[in-house]
Every structure is written in structure tokens, then in C-alpha cells.
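Enquirer: One letter stands for each residue in the lines below.
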Amino acid sequence: MNSVGEGCTDLKREYDQCFNRWFAEHFLKGDRSSDPCTEMFKKYQSCVQKAIKEKDIPIDGVEFMEQDKEKPDS
Amino acid sequence: MVKYFQCVGLLKNTWDQVFLAFWQRYPNPYSNHVLTEDIVFREVTPDNCLVSRRLLTKTNRAPRWAERFLPKHMACSAYIIEDSVVDPKNRTMTTVTWNITHARLMEVRERCVYAVNPDNSNWTEIKREAWISSSLTGLSRAIQEFGVARFKKSVTKTMKGFEYVLAKMQGETPSKTLAETATERARETALAAKEKAKDLASQAQKKQYV
Chain P
1 MNSVGEGCTD LKREYDQCFN RWFAEHFLKG DRSSDPCTEM FKKYQSCVQK AIKEKDIPID
61 GVEFMEQDKE KPDS
Chain D
1 MVKYFQCVGL LKNTWDQVFL AFWQRYPNPY SNHVLTEDIV FREVTPDNCL VSRRLLTKTN
61 RAPRWAERFL PKHMACSAYI IEDSVVDPKN RTMTTVTWNI THARLMEVRE RCVYAVNPDN
121 SNWTEIKREA WISSSLTGLS RAIQEFGVAR FKKSVTKTMK GFEYVLAKMQ GETPSKTLAE
181 TATERARETA LAAKEKAKDL ASQAQKKQYV
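As given, the protein sequences belong to chains P and D, one line each in that order. Quick note: the first sequence uses the UniProt record's numbering, first residue 1, plus one each step. Quick note: the second sequence uses the UniProt record's numbering, first residue 1, plus one each step.
If we strip away everything but chain D, and leave its shape as in the complex, we get (with noise of 0.2 Å):
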């Protein structure tokens, strides 16, 4: 079974401005998930649209509960793929995702069109739709909700991301965005200390029944 998720995201910037962004959206405050990026394939089509392949590391967090099913040498990182077409001519960019490490834990594809917003020419829309499965026999429905869980969170963050790189691009301060950024970080700091209290409390108990 597959879970599939789809949204639509607006940028209030134009299409070519969002196109160059897009190559230089690592690193931004909300992307301490990617750890590498490479280009590995580029090519210009005879029908000038450009073809290319981004690599990306990412770190790959399982959630809690499924770490006692995993094998202990998992690695912590996932390799991603990132295969994009983009149509200067139509104005359009299409790009699809896919992890190509853990796909039988879990395979997140993501498939993406940016084009010109029909309401304003001056903005972005971006289709997203993503695919989310998992052949772990018995878990695979507890893993498809964690990981589309994870990916509506991923979505803010991109969508963020995307805009901070904007932002500066056209030499705005993202001022507002670090500003968040902080707020985010003691957010996840505090939510981060009261899971690991909640564990102590739990172990604690235990102990107490022991």
C-alpha cells in the first residue's frame, strides 16, 4: 500500500527567480537535515531545457519506536536522488525525489512542478505530490503515517527555506526569518528535554515496579 499526499505552495517570486534560487537553496537555516549536495549529471536537451541529477545526503532519523526493529548498523544518512527538467521556454521546472538507501524501510517520492501562478505572473506555484511506502511486513502502515507525518513537516521547512534563499538573493535581511529560526531552535530544545524527561520518568517507574 502506498500513502499519497498532495499540496499546492505559493511563492510571491517570479518563476525565473525562484528557478535560480533553487540551485542555491542548501544550506539555509532550515536545512540542517542535508548534509551533501552534488550535481552528478547536467545536460542541455536539443530542445534547450536543462536535465540534471542532484545528489543529496540527508540524515535519516528513524522515529523511537522503530529503532528496536532496525539493524544496528544502519547508518544514520539516507542517500537522495534528485532528477530535474527545466523548461526555460514553457516556464516550468519538474522535479522528482526518490531515497535510493532504507527504500525497504520506507521510500519517500516526491514529485514537484513549478510553474507560473495563473492569478499573478509575478508569483510561483509549486504542485507537490509525494508517495510514501513501506515493505516492512507488519509496520509498513505505522511507518507510512510517521513518514507522511515527517513530510508535511519537511514541506514547511522546504517552503521556508525557499524563501530565506529568496530573500537574500535579492539582498532583503531575513531578519523576521532568523528571528524564527531562533524561536524554532529553543522550540525543538525544549520539546528535546521534555521527551528525554518523560524517558527518565518512565524508566524511573519501572524501576519502581522492579
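Same shape as in the complex, but just chain P (with noise of 0.2 Å):
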């Protein structure tokens, strides 16, 4: 899947792929052993962060699930 930083999707898959070993051999497993998609994290989002703030999407200060505090009535 492409990055919304064109020139970023590179880093994102290399990370992608990184992450998804990890998670399933490791973080599911109760592992808690280092992570070793660190590195290929930061570089990927030093990239998207960047593509981010050119692009003007407005994320930032948005809280984490923010959305799922109030819940109105239907």
C-alpha cells in the first residue's frame, strides 16, 4: 500500500514488513523481548511526518480515540 508521502511508501513497506514479523512472532506471543523495527520506524517517519505537514492534514492535537469520549445519543 503507498504512503501518503509518495516518496515515502519505500520506507513504509520495508517497516511494514519488519513490523508484521514482529507483531506475529513476537508481540502475540507475549514477547516482550526488543523491538527491531526501531530504526526502520524512525526513518519512515521522518519521511510521512514531513509529507504530513506539506500536505496541511490536520492530525495534529488530535487525542488519541478523541472521537470515543463523548458519545452522543442516537
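FYI, nobody ran anything at the bench for these hints, they're computed from the structure. These numbers were taken from a predicted model, which means no experiment stands behind them. Mixed in with the good hints, there may be bad ones.
Pairs of lysine to aspartate or glutamate, EDC-like flavour, derived with a Cα cap of 16 Å [as the list claims (entries may be wrong)]: (1) D:3 with D:163; (2) P:43 with P:6; (3) P:29 with D:129; (4) P:42 with D:43; (5) D:89 with P:31; (6) D:89 with D:16; (7) D:89 with P:16; (8) D:12 with D:107; (9) D:153 with D:129; (10) P:29 with D:47; (11) D:12 with D:129; (12) P:43 with P:16; (13) P:55 with P:6; (14) D:152 with D:87; (15) P:29 with D:125; (16) P:43 with P:10.
Two chains, two separate frames, one set of hints: put the complex together.
Expert: Structure below.
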């Protein structure tokens, strides 16, 4: 799948591959040993965060699951 | 006013397979509307939960009748945030998804809880809730109706996409799914042609009266 930053797709794919392996073989099995994908994630993030700024994607300051906090009645 | 919708879906795969497929589900033959996908935040909490934020770009076609009310410059894609918590100890995953652009026109907020099916521990169930709202004066009800209808269709696509990815992960040839896709495509094309024909017909009719 493509990244929102045109130049970030290769970094993203490399990271995704590493993550999926770690997720299946370590995380889901409760193994908390160190995450081998940290460096790849950092590289990918510096690329994608730049793209988010350039494209003015309004994600800054959006709290985690913030939409889950107030649930209006239907 | 907010429209509320809920449903439960079942995947005949174990929780760990489904959670793994969750991160690999794009692209699939049913996700043509998903243009980009990124992880923009990720952390393992001290109690060993994986917390992630995924940013998606999706095509965002407004209903034709609503187009004339919308500003011309309105982009035809929307940015979506999908926050998730994977809890391997309790074998659950919770996701909250909502659009961060065009929210005044229509906001779709979805909450899903993935858990082991109580009747069959080899299966996974997805409890899905959605809240659909619009702040557009005078049109909010019609837009909500449109939103609910579109949401229901997208749930079907999501589940089919999941099944496709799960089958692929397990090395099965999802041939039936591909055949289904082809049929669906053909049906969509036929429908589009029919719509166009209708339009042309109504235009022709209008011209007659002028």
C-alpha cells in the first residue's frame, strides 16, 4: 500500500515487513523482547511526518481515540 | 442528530490470524477506495498493549444530488484516522475510526471490538458500532441516510476484504473471491452505464420541453 508521502512508500514497506514479522512472532506470543523495527520506524516517520505537514493534514493535536470520549445518544 | 448503527460480524479464523490480517488488509480487491495507508504513531504500553494510529486516504464520493450544494474546490478524498489498541493477553482489539476532513458535511465514527467468539474459540467476532452525523443545515437528514447506506455497503466490503487477506495469508487461492470480484465489477459497470443512460434520457427529455 502506498504512503501519503510519495517518497515514503519504500521506507513504509520495509518497516511494515519488519513489523508484521515482529507482531506475529513476538508480540502476539507475549514476548516483550526488544523491537527490531525501531530504526526503520524512525526513518519512515521522519519522511511521513514531513509529508503530513506539507499536505496540511489536520492531524496535529488530535487526541488518541478522542472521538470515543463523548458518545451522543442516537 | 446522530444516526446510530450496530452489527456483529464473524470471521472463521483465530484471533491472532485476524489481528495479523488487520495490519495487512490493504490493498485487497474490495479496497479500491483506500488510496494511502500510513502508521503515524505506534507504541507498546507498560501493560503490553500495542497502541497505533493509522492514517488513511479514502475516496469520498458525495451523492450526486448533494454535489451542487458542495463547494467546487472540495477535494474528492478524505483523511481518516484509525486508532487501535491490541491487547494480546485478553485477546481483544479495539479500533476507533473517523474522518478528520469534511466532518461538517458528514462525520462517520466507527468503533469495533474484535474478540474470540464465545461459541467457537477458533473464530473471531467483530462488534461494530457507528455514529453518522451531518451539520449541513437542511440536508443533514438526507446526508445521514446516504451515510448509513454507504456505511452498510462498506462493512460488507471490509469483511470480504478481511476474508480475502486471511485466505491469502494461509496460502489458499482465493479464487472464489476473485470470481466474485469480477462479477461485482461487471455489475458495477453495468449499473454505471444504466445511470448514465438515465441521465442522457432525462437530459433529452428536458431538451424536448425547452
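Enquirer: Which of the numbered hints above does this structure break?
Expert: 1, 3, 7, 8, 11, 14 and 15
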